[in-house]
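**Q** Just need the whole structure built from these sequences, with the hints factored in.
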Amino acid sequence: MKKNFLFFNFIFILSIFIISCSKDTSEVINYNEEYKNIFGGSLINAMAGEPSNLIAMIAGDSASSAIAGNIFNSLIKYDENLNYAPDLAESWAISNNQKTITFKLKKGLQWADGNPLTSADVLFTWKLITNPDTRTPYASDYQLVKKASAPDPLTFKITYETSYAPALDTWSSLHILPKHILKDEDINNTFFSRKPTGSSYYKLDDWISGQQVSLKANEKSVLGSPLIEKLISRIIPDTSSQFLELTADNIDVMNINPIQYQRVFPARKDLQQKVALYKELGNGYTYLGFNLKKPPFNDIRVRQALNYAIDKDEVIKGVLLGLGESISSPYKPGTRWNNPNLSPYPYNPSKALELLQEAGFKKNNDGILMKNGKPLKFEIITNQNKQREMTAVVIQKRLQEIGVDVSIRVIEWASFVNRFIKTGDFDVVVLGWSLSLDPDQYNIWHSSQQGPGQFNFLGYSNKNVDRLLELGRKELNVSKREEIYHKFSKYLLEDSPIIYLYAGYGLSAVHKRVKGIKNPAPPAGIYHNNYDWFLPKPLRRNEISAR
Amino acid sequence: MKIFLKNPLALSGLIIILTILILALVAPIIAPYDPNFIDINSILFPPSINHLMGTDGLGRDVFSRMLYGAQISLLVGFVAVGIATFIGVILGSLAGFYRGWVDSLIMRFVDIMLSIPTFFLILAVIAFLTPSIWNIMIVIGLTSWMGVTRLVRAEFFSLRQREYVLAAETMGSNHLSIIIKHLLPNSLTPIIVSSVLGIASAVLVESGLSFLGLGVQAPTASWGNILTDGKEYIQFAWWLSLFPGLAILITVLGYNLLGEGLRDILDPKNKI
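Protein chains in written order, with the numbering used here: chain A, 1 to 547; chain B, 1 to 272.
No wet-lab data here; the hints were simulated from the structure. None of the values given here were measured: they were computed from a predicted structure. Every residue, glycine too, gets a C-beta built ideally from N, C-alpha and C. Where hints are given, some of them may not hold.
[Claimed, not checked] Think about it this way: if two alpha-carbon atoms lie no more than 30 Å apart in a straight line, the pair counts; the simulated DSBU-like pairs of lysine-lysine are:
| # | chain 1 | residue 1 | chain 2 | residue 2 |
| --- | --- | --- | --- | --- |
| 1 | A | K183 | A | K107 |
| 2 | A | K274 | B | K231 |
| 3 | A | K269 | A | K518 |
| 4 | B | K231 | A | K386 |
| 5 | B | K231 | A | K317 |
| 6 | A | K518 | A | K537 |
| 7 | A | K157 | A | K216 |
| 8 | A | K317 | A | K490 |
| 9 | A | K146 | A | K127 |
| 10 | A | K157 | A | K183 |
| 11 | A | K512 | B | K231 |
| 12 | A | K294 | A | K386 |
| 13 | A | K269 | B | K231 |
| 14 | A | K397 | B | K231 |
| 15 | A | K179 | A | K107 |
| 16 | A | K127 | A | K104 |
| 17 | A | K279 | B | K231 |
| 18 | A | K518 | A | K77 |
| 19 | A | K127 | A | K474 |
| 20 | A | K106 | A | K220 |
| 21 | A | K363 | A | K377 |
[To be verified] Covered by chain B, according to a simulated footprint, are these stretches of chain A (three or more residues, beta-carbon under 8 Å):
| # | region |
| --- | --- |
| 22 | 383-395 |
| 23 | 407-416 |
| 24 | 454-465 |
**A** Here's what the structure looks like:
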């Protein structure tokens with residue numbers, strides 16, 4: 001009897017508990033109120049890949065640089081309008097002959113372990129990245145520095161052989177590393193890549209392989225304190241799983257795809273209440289590139305004809321659900337480097353046929369274009385990226401309509417690069433470029449950059465373009481530079497070594513508990529001021545369930 | 001036919017397979033759309049009267065793609081198993097008929113092949129070759145003949161001692177005619193059964209390869225391809241995952257039922 005009583009008692013308490021719980025969660029939280037910015041809380045984001053190495057100059061993958069960017073500083077950085085701003089350097093001066101740059105560091109800088117950060121660290125980092133034993137793909141920019149010196153602890157001085165316009169851009173992306181820890185270490189293989197000591201807003205707290213990397217606020221940071229105490233990056237390779245985690249309230253930030261943005265969100269009231277969407281044009285584009293060393297792609301008429309035969313608006317509508325823009329120069333639309341007088345090749349299949357006939361192609365009885373008994377036939381290769389594959393399918397359909405026989409092959413990234421790109425054994429690729437903020441594209445388009453493993457793998461060579469690219473690197477006057485790159489874009493569009501397909505929007509979903517995000521996004525993007533983001537206390541996630 | 005009617009399992013298997021076969025054959029007639037017709041104004045529409053199984057990420061009609069995909073799946077099944085059976089019968093006959101070192105050699109080779117995980121072998125080979133439907137059929141065929149070889153060999157071992165074989169040998173028939181006229185017809189039952197079951201696994205392997213992006217290449221429709229496309233939209237566009245998944249399930253089930261049923265029907269020991 002007593003047992004029974006206890007049992008009922010237990011059920012009773014349990015049911016009260018359940019009722020009170022359900023009441024609790026059903027209460028609508030108002031995310032739109034004004035909240036005070038108090039330090040604390042954890043922000044959880046999702047990333048598809050695990051960082052390989054937190055030393056950015058060695059790693060080279062986007063997951064690593066995203067994490068390392070919160071731990072390390074550079075000398076200077078871009079502000080929200082993409083102008084140069086102080087980071088570790090308080091000021092910088094360019095000499096009259098435009099070959100020497102002198103950086104003055106801020107006073108009282110220190111590493112997260114309390115050691116002072118001086119110009120000796122900067123000099124050490126420069127020596128490290130230009131050391132031939134350091135396995136980094138980024139050395140070439142810094143090898144142009146003829147002389148570097150640190151005359152006093154707050155001054156760092158570099159001299160170039162000739163004036164070098166992208167110089168400041170390169171110093172805005174070089175993370176300064178601590179000399180006192182790394183001077184006796186082999187940078188290619190050091191504990192530091194997993195246990196870094198930096199100087200920025202955050203420091204590494206905990207790294208569980210295959211699960212998550214968590215950072216916590218660096219109280220020694222002289223740049224000030226961030227408002228969010230912990231940044232946790234969970235490694236979730238599959239985007240659909242990431243999305244499930246977002247809907248289950250287990251992550252706060254993720255990148256979403258056009259279908260999720262255009263179709264899933266509008267249909268889900270519950271999600272709209274707690275998640276905000278952001279859309280910003282990324283600094284990159286997707287293109288169809290020809291192997292210019294192979295006929296018939298060495299014929300400009302064929303390239304232009306194919307450009308006319310592809311309906312870019314259809315690609316953008318079909319693959320990106322309209323979340324992209326068509327472009328006509330290799331720069332982000334709306335920036336000063338983008339030539340506003342250029343416009344994409346319109347969709348015009350009859351013009352395409354005309355050009356192909358001029359180039360010697362005739363339709364046979366099956367409607368296939370033939371020249372000298374050979375059909376116009378090629379293979380589009382791309383890596384395992386659903387958007388690119390779908391793009392190829394849409395293009396294939398359009399080209400088949402004018403009588404071009406196109407096949408598609410999707411290849412895993414490592415063999416894509418090693419077996420096809422590096423050997424030049426391909427016809428046509430669908431790929432993308434992510435670009436830095438400096439307009440210099442010497443590595444991609446200059447005719448000297450065609451060696452195996454170099455970026456001009458399409459084999460583009462145009463004397464006028466070569467000259468402009470060389471000029472553009474030396475010119476420090478911004479409006480003159482602008483003119484140079486506008487001309488360069490014009491040549492590139494006429495030659496049509498690639499067909500610009502689209503510049504897609506970067507789409508982010510951020511939980512509404514995160515405050516302080518600039519909307520609409522400034523030119524530098526919403527993540528630009530993430531140390532100003534904050535989590536109001538009433539909106540914070542239960543800290544135990546977050547782990 | 002009467003025996004089929006007595007065995008409901010075999011009958012249902014046969015009906016399933018015949019239905020799918022007929023649907024695949026008449027696909028060009030009954031498919032409401034061109035399977036590769038891209039319509040950017042009807043992306044990811046749910047099933048309706050216009051699109052019986054909805055549309056995919058490029059606005060293509062899933063029902064039409066399923067019908068054409070059936071052609072691919074069945075073709076891969078038949079050709080791959082054809083190749084495997086052909087190799088298996090020849091090697092099995094040689095091993096079972098001549099025994100001795102021929103048998104040892106062939107059986108050790110079979111053992112080696114069996115010790116390699118087939119799916120990974122296929123993955124490695126396809127990654128090296130161009131993934132195309134013909135390559136896939138050949139590779140699946142070349143990696144799945146071992147079962148047939150063993151069956152044929154075992155069958156030959158017992159038949160070899162029968163009086164009619166000895167009689168044929170004494171009367172001076174050559175080896176080839178003994179194998180073809182006397183031994184093979186009598187070991188047909190296990191070959192047929194294992195072939196039918198083999199088709200089921202070939203269909204599964206093809207779907208698996210296409211799902212991993214190493215199978216039939218876009219834009220050609222195959223059930224595995226449609227399933228991969230659907231993976232990305234699974235919380236939103238259930239029809240892209242459900243229909244190809246069901247199709248694969250039902251087809252494999254059909255072949256298995258038919259295979260099991262045939263074994264019961266053709267097994268003389270069951271006729272009491």
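**Q** State for each hint whether it applies.
**A** Evaluation of the provided hints:
no., hint, verdict
1, A:K183 to A:K107, "holds (23 Å)"
2, A:K274 to B:K231, "holds (25 Å)"
3, A:K269 to A:K518, "holds (23 Å)"
4, B:K231 to A:K386, "holds (11 Å)"
5, B:K231 to A:K317, "holds (21 Å)"
6, A:K518 to A:K537, "holds (20 Å)"
7, A:K157 to A:K216, "violated (33 Å)"
8, A:K317 to A:K490, "holds (26 Å)"
9, A:K146 to A:K127, "holds (12 Å)"
10, A:K157 to A:K183, "holds (21 Å)"
11, A:K512 to B:K231, "holds (28 Å)"
12, A:K294 to A:K386, "holds (27 Å)"
13, A:K269 to B:K231, "holds (23 Å)"
14, A:K397 to B:K231, "holds (23 Å)"
15, A:K179 to A:K107, "holds (18 Å)"
16, A:K127 to A:K104, "holds (19 Å)"
17, A:K279 to B:K231, "holds (24 Å)"
18, A:K518 to A:K77, "holds (18 Å)"
19, A:K127 to A:K474, "holds (24 Å)"
20, A:K106 to A:K220, "holds (14 Å)"
21, A:K363 to A:K377, "holds (13 Å)"
22, 383-395, "holds (count 7)"
23, 407-416, "holds (count 6)"
24, 454-465, "violated (count 0)"
Figure legend: structure checked against the earlier numbered hints; hints not met, in rising order: 7 and 24.
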